[in-house]
Amino acid sequence: MVFKLSMMQGRSTSLAASGTRSTRTIPWRPSAAGRDGAGQGGHAYLREWLWWAGLLCMGVGEAANFAAYAFAPATLVTPLGALSVLVSAVLSSTFLNEQLNVHGKIGCLLSILGSTVMVIHAPQEEEVSSLESMAEKLKDPGFIVFAVCVLVSSLLLIFVAGPRYGRSNVLVYVLVCSAIGSLSVSCVKGLGIALKELFAGKPVLKEPLGWVLLVCLVICISIQINYLNKALDIFNTSVVTPIYYVLFTTAVMTCSAILFKEWQHMVLDNIIGTISGFLTIVSGIFLLHAFRDVPFTPDLLPLFLQQGRADLRTSWRSADRHQSCQHQPLLPSEDKDSQSAEEEDEEGESV
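Numbering (full-length UniProt numbering), first residue to last: 1 to 351.
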């Protein structure tokens, strides 16, 4: 449990720095006329200093996130990225004056609840303490089949489905980002192991596997940023974010289960708890984004709730009125009338 709490502390550092972990990039619409956006295949956002500043800030968060992947199972770390969406929503409501309606607040609570459940029932991955062990994992036939399927499907989506359906179907570019992202997380896990060996004084720099993982990570992240920017430029963020979170997290959990055998020694209670926590987070993210622009008024409540609300308001008003009458002091005119009445009574008694 102490290990999980320490991992959560590192994860919170990542959330505070990155702002929104679930998108992993910064949507940018070109300010100058005539520039092609990411949706048109352009890269005008690369000339904007604000985009680079945001990318740098997000990089600080991803560095802390890198450390979390090095010490905790990817099945646990990746779903907790939903908390960054929560942080982003709260900060936007506080500093940017964006309205966070009732649906958004319920979504935030569900995300916290689901994350807590996942931390409690987190799986334990097989111990991989060296690059040699990582190389043996990468040679597993199951992972090789998974990696080939990811690469083939990504190429088909990029070169076949992308030109035809990329601007009309949000799943095309998001599926590319999610599939490639599962491989990037595996590269991050391997590089984390390499860094731990490097700090231990082992000659890691002479190992070719570490450099191969680094090159693969750079390629995967470049593809993710490119196609996720396309999706965010074409479609609404409230549509892209929950879909990307669900697909990316599912792909990472599948890849980790195949590569690191994280689910092999889990009991039924922990399996049910992990899946339930993940579905709870998905529900919270859906509420937070799908209904972010839906106004909420008491008139939208069911009739029986509206009647109960009206009765409760009436009882509150009557109670307040009764309490104010009990504690209300006499007015000056009433004091004078009462004093004159008492004087007349005294004079009558004396006569």
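Some clues are possibly wrong.
To be verified - Restraint ranges, calculated between C-beta atoms of paired labels, are given here:
id	residue 1	residue 2	range
1	Ile275	Trp49	41 to 47 Å
2	Glu132	Phe71	41 to 47 Å
3	Thr116	His265	21 to 27 Å
4	Thr94	Leu138	40 to 46 Å
5	Leu100	Leu50	35 to 41 Å
Stated by the list, open to error - The calculated lysine to aspartate or glutamate pairs, modelled on DMTMM-like cross-linking and capped at a C-alpha distance of 25 Å, are:
id	residue 1	residue 2
6	Lys196	Glu132
7	Lys105	Asp293
8	Lys196	Asp293
9	Lys137	Glu48
10	Lys139	Asp293
11	Lys139	Glu197
12	Lys196	Asp140
13	Lys206	Asp140
14	Lys261	Glu132
15	Lys139	Glu207
16	Lys206	Glu132
17	Lys196	Glu207
18	Lys202	Asp293
19	Lys137	Glu207
20	Lys206	Asp293
21	Lys261	Glu197
22	Lys261	Glu136
23	Lys105	Glu197
24	Lys202	Glu136
What the hints contain is simulated information worked out from the structure, not anything from laboratory work. Think of the CB as a built atom: it goes at the ideal place given N, C-alpha and C, for glycine as much as any other residue.
Fill in: Range hint compliance [Cβ, Leu100 to Leu50, 35 to 41 Å]
At roughly 24 Å between Cβ atoms, Leu50 and Leu100 fall outside 35 to 41 Å, so the hint is violated.
Discussion item. What's the verdict on Lys202 and Asp293, does the C-alpha distance respect the 25 Å limit or exceed it?
Written reply: violated, 54 Å
Worksheet item: Are the Cα positions of Lys196 and Glu132 separated by 25 Å at most?
Response: holds, 13 Å
Worksheet item: CA of Lys261 to CA of Glu197, is that 25 Å or under?
Response: holds, 22 Å
Discussion item. Holds or violated: Lys196 and Asp140, Cα atoms, limit 25 Å.
Written reply: holds, 23 Å
Worksheet item: That 41 to 47 Å hint for Glu132 and Phe71 (C-beta), does it hold up?
Response: violated, 19 Å
Fill in: Pairwise hint evaluation, Glu48 against Lys137, where the allowed Cα distance is 25 Å at most
It is violated: about 41 Å lies between the C-alpha atoms, which goes past 25 Å.
Worksheet item: Do the alpha carbons of Lys206 and Asp140 lie within 25 Å of each other, as the hint requires?
Response: With Cα atoms ~23 Å apart, Lys206 and Asp140 stay inside 25 Å; holds.
Practice prompt. Assess, step by step, whether the Cα of Lys139 is no farther than 25 Å from the Cα of Glu197, and give holds or violated.
Written response: Holds, because 21 Å separates the two Cα atoms, which is no more than 25 Å.
Worksheet entry | Straight-line alpha-carbon gap Lys105 to Asp293, limit 25 Å | Holds, because 13 Å separates the two Cα atoms, which is no more than 25 Å.
Worksheet entry | Distance restraint between Lys261 and Glu132, which requires alpha-carbon spacing of 25 Å or less | At roughly 17 Å apart (the allowed maximum being 25 Å), Glu132 and Lys261 satisfy the hint.
Worksheet item: If you draw a straight line from the CA of Lys261 to the CA of Glu136, is it 25 Å or shorter?
Response: Status holds; Cα separation ~13 Å.
The structure fails hints 2, 5, 8, 9, 10, 18, 20, 23 (numbered hints given earlier, in ascending order).
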